[in-house]
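Chains A and B, in that order, give the protein sequences. Under UniProt numbering, the residue at position 192 of the first sequence is numbered 192, and the numbers go up by one with no gaps. Under UniProt numbering, the residue at position 191 of the second sequence is numbered 191, and the numbers go up by one with no gaps.
Hint data in this document are derived by calculation from the structure and do not stem from the laboratory. Careful, some of the hints might be misleading.
What the hints assert, rightly or not - Covered, in the sense of this in silico footprint (three residues per stretch, anywhere, with C-beta under 8 Å from a C-beta of chain B), are these stretches of chain A: (1) 6-16; (2) 64-75; (3) 103-111; (4) 170-183; (5) 199-213; (6) 218-231.
Said to hold, decoys possible - Keeping only pairs whose Cα atoms sit at most 30 Å apart, straight-line, the calculated BS3-like set for lysine-lysine is: (7) Lys-208(B) with Lys-59(A); (8) Lys-181(B) with Lys-36(A); (9) Lys-181(B) with Lys-59(A); (10) Lys-36(A) with Lys-208(B); (11) Lys-52(A) with Lys-191(B); (12) Lys-206(B) with Lys-52(A).
The C-beta atom is built at its ideal place from N, Cα and C for all residues, glycine as well.
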Amino acid sequence: MRRRPGIGGLQNAAAARDQYRLLGENVAKLRTDLMKEQLATFRSQLEDFARKHKNDIRKNPAFRAQFHEMCAKVGVDPLASNKGFWAELLGIGDFYYELGVQIIEVCLATRPHNGGLISLDDLCKLLGQRRKAVRETISEDDCLRAISKLKVLGSGFEVITVGKRKLVRSVPTELNKDHNEILELAQAQGFVTVDEVQRRLNWSSGRATDALETLLEEGLAMIDDGHRDGKRRYWFPCVSSVSSYAGADTL
Amino acid sequence: MAGNWLPSAQLTGSGRPVLQPGEVECSLLSSVDLFSEETPSFPNLKAGVVILTTHRLIWVQESTTSPTAIFIPLSAVTHIFSLKRSIKSMFASPRFRFQASLGEKGTKGVVVITLILRGKSDIDSFVEKFWEAWRKKAWEDGKKSGQEASGSGLGSGHGSGVDGGLAVRMPVVGVAGILRKEQEIWENTDKSLQEAFQDLNALMNKAKEMVTLAERMRAKLLSGSTSQATGTNDEENGTKEEMQELLLSVGIVSPVTKESAGALYHQQLSRQLADFAKIPLERAGGMINLIDIYCLFNRARGTELISPDDLLRACSLWEKFDVPVMLRTFDSGVMVIQSKSHSDFEVFTRIRSMVTTPDALRAGVTASDAAMTLGIAPAMAKEHLLAAEGKGLLCRDVSPDGFRFFVNLLQEVDADDIFLVKDYGIYQTWVKVISDAR
Numbered sequence: 001m002r003r004r005p006g007i008g009g010l011q012n013a014a015a016a017r018d019q020y021r022l023l024g025e026n027v028a029k030l031r032t033d034l035m036k037e038q039l040a041t042f043r044s045q046l047e048d049f050a051r052k053h054k055n056d057i058r059k060n061p062a063f064r065a066q067f068h069e070m071c072a073k074v075g076v077d078p079l080a081s082n083k084g085f086w087a088e089l090l091g092i093g094d095f096y097y098e099l100g101v102q103i104i105e106v107c108l109a110t111r112p113h114n115g116g117l118i119s120l121d122d123l124c125k126l127l128g129q130r131r132k133a134v135r136e137t138i139s140e141d142d143c144l145r146a147i148s149k150l151k152v153l154g155s156g157f158e159v160i161t162v163g164k165r166k167l168v169r170s171v172p173t174e175l176n177k178d179h180n181e182i183l184e185l186a187q188a189q190g191f192v193t194v195d196e197v198q199r200r201l202n203w204s205s206g207r208a209t210d211a212l213e214t215l216l217e218e219g220l221a222m223i224d225d226g227h228r229d230g231k232r233r234y235w236f237p238c239v240s241s242v243s244s245y246a247g248a249d250t251l
Numbered sequence: 001m002a003g004n005w006l007p008s009a010q011l012t013g014s015g016r017p018v019l020q021p022g023e024v025e026c027s028l029l030s031s032v033d034l035f036s037e038e039t040p041s042f043p044n045l046k047a048g049v050v051i052l053t054t055h056r057l058i059w060v061q062e063s064t065t066s067p068t069a070i071f072i073p074l075s076a077v078t079h080i081f082s083l084k085r086s087i088k089s090m091f092a093s094p095r096f097r098f099q100a101s102l103g104e105k106g107t108k109g110v111v112v113i114t115l116i117l118r119g120k121s122d123i124d125s126f127v128e129k130f131w132e133a134w135r136k137k138a139w140e141d142g143k144k145s146g147q148e149a150s151g152s153g154l155g156s157g158h159g160s161g162v163d164g165g166l167a168v169r170m171p172v173v174g175v176a177g178i179l180r181k182e183q184e185i186w187e188n189t190d191k192s193l194q195e196a197f198q199d200l201n202a203l204m205n206k207a208k209e210m211v212t213l214a215e216r217m218r219a220k221l222l223s224g225s226t227s228q229a230t231g232t233n234d235e236e237n238g239t240k241e242e243m244q245e246l247l248l249s250v251g252i253v254s255p256v257t258k259e260s261a262g263a264l265y266h267q268q269l270s271r272q273l274a275d276f277a278k279i280p281l282e283r284a285g286g287m288i289n290l291i292d293i294y295c296l297f298n299r300a301r302g303t304e305l306i307s308p309d310d311l312l313r314a315c316s317l318w319e320k321f322d323v324p325v326m327l328r329t330f331d332s333g334v335m336v337i338q339s340k341s342h343s344d345f346e347v348f349t350r351i352r353s354m355v356t357t358p359d360a361l362r363a364g365v366t367a368s369d370a371a372m373t374l375g376i377a378p379a380m381a382k383e384h385l386l387a388a389e390g391k392g393l394l395c396r397d398v399s400p401d402g403f404r405f406f407v408n409l410l411q412e413v414d415a416d417d418i419f420l421v422k423d424y425g426i427y428q429t430w431v432k433v434i435s436d437a438r
């Protein structure tokens with residue numbers, strides 16, 4: 001390219017650069033749009049296949065592996081059985097098992113936000129989003145049936161009722177780290193209230209109440225309703241700082 | 001074991017074969033003998049588990065404490081003899097023969113190998129699967145795609161190799177050339193997508209290509225949406241999240257199924273589960289809810305769901321094998337999977353060191369102290385403390401302060417001379433701490 005001196009030359013070069021950039025951006029945008037379109041086709045086709053040819057896919061181990069890989073790569077859930085007549089009537093077939101796996105997965109995925117406690121409404125909503133392809137809404141009853149199938153695996157997964165709402169708890173008491181946080185919080189004053197826990201730890205009221213109730217059952221907490229503000233206080237006599245005062249007194 | 005006739009196969013910690021990339025398990029048989037009638041020097045292998053994969057025939061000796069395994073690559077198989085049908089064969093255990101040239105590039109010569117199936121297994125379907133795997137030559141695919149991947153490492157956009165040919169040879173000059181190339185790539189992708197999804201057979205034939213396509217789309221979409229974060233809307237973020245989430249849950253290429261493993265189903269499932277559980281366990285700190293594992297394991301298996309009952313059975317079989325994990329049931333009915341390295345013994349050691357600190361010697365520890373020190377939930381900590389008490393490691397003290405545990409000094413006292421105050425050990429430390437406090 002011949003180099004052109006002067007301001008005109010510089011301006012020209014800048015204009016050309018701009019043009020190239022514009023074109024490049026357009027192409028890039030077009031490319032992503034096309035990609036998304038193709039991805040959408042790919043996914044819907046895979047979903048269809050997963051549903052229609054389930055048994056054939058399962059018969060051929062080598063193909064099954066490839067099929068799973070495809071599903072995983074483009075983000076298609078291969079579990080997409082329809083409820084069907086027999087599942088509805090007798091609870092047999094894969095439907096409730098698949099739903100069970102998906103329910104646990106939702107619980108696992110949301111655990112960082114809610115500490116393993118999710119309301120049944122939210123659960124149904126999230127499941128619905130996941131099962132967009134299968135045009136069939138998941139009712140609360142379906143969820144409850146699917147959860148009841150998991151009973152064999154111990155009592156670590158249960159539906160509890162707090163107030164009027166139904167909550168699903170996926171973390172058993174033995175593995176619940178929420179309790180540690182409450183204990184830590186209680187160290188300052190020796191007691192906490194539901195409000196305080198909610199505010200300080202940014203939890204939902206269900207989560208706070210459930211955790212405190214469990215600690216009460218475990219014998220780690222004591223309740224005090226007699227305070228002037230009318231709020232129930234949960235005392236933790238076992239928390240170190242308080243008991244060490246007591247210890248110092250007696251010695 | 002097999003002399004130098006057959007190479008040995010790698011096994012996982014729980015005695016399942018380590019599969020090569022692209023290798024998939026097809027069938028399993030129990031109590032199979034493997035020997036050669038014509039070649040006496042060939043090892044006589046008795047009563048092992050035979051695993052047929054798309055690449056190899058693996059023979060695993062499970063009766064010994066640490067399982068060992070050898071394999072015959074299917075690529076070495078030169079001929080498969082058809083099953084002999086006679087009156088005699090109806091009463092004897094079914095046997096099945098094939099010819100293979102063994103050693104590096106057939107240096108050991110051609111050997112006719114006989115398999116005797118002593119278990120109650122269906123020989124016909126096994127032979128059929130053997131034929132199928134041998135004919136498909138999946139091991140060649142693996143090599144080819146490996147070369148392809150290294151060859152077109154730069155991956156200029158045409159991944160499927162087949163469609164690239166013409167497009168590359170066209171002179172790619174200037175902006176127009178680049179644009180044309182782009183377009184061709186898209187047209188090709190569209191076409192192959194359409195072809196592949198005509199019916200199931202078409203998809204099977206094009207499976208490999210589709211997998212690479214999926215891979216490419218994923219890579220581009222993930223990198224694309226991070227670089228241009230400004231233009232993303234909710235839906236896009238949704239897809240991205242979905243994709244990343246599911247990535248966590250892929251894993252088992254070759255799930256053990258009732259169809260492939262037959263009578264060995266629960267046993268093999270149990271071993272596979274033990275191998276699988278290791279990583280989530282580590283992430284969860286040595287203990288994980290059985291329900292969580294149920295979900296993760298099933299997710300990793302894709303469409304091959306197992307029922308909760310099967311999972312429980314697989315877990316209960318662990319006692320019989322030498323695996324690094326165990327099932328544990330709490331009094332509350334909660335079931336968890338625990339790694340053995342995280343077992344009671346290790347916890348007791350930590351509890352012991354916790355209760356022998358000067359503070360704890362004076363004031364004892366509570367479940368919540370233990371929870372904080374050990375980094376576990378209070379309910380769990382209480383469980384551990386009670387277990388330690390049961391072992392005689394701790395003593396309890398119930399007072400208005402609550403439930404407190406102290407180190408069990410009674411163990412230190414000499415039964416023959418109970419008034420002797422030793423000037424060493426924990427007893428001595430305790431005496432010192434208490435007298436200091438006063």
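Self-check item: Unsatisfied constraints (hint numbers, rising)
Solution: 1, 5, 9
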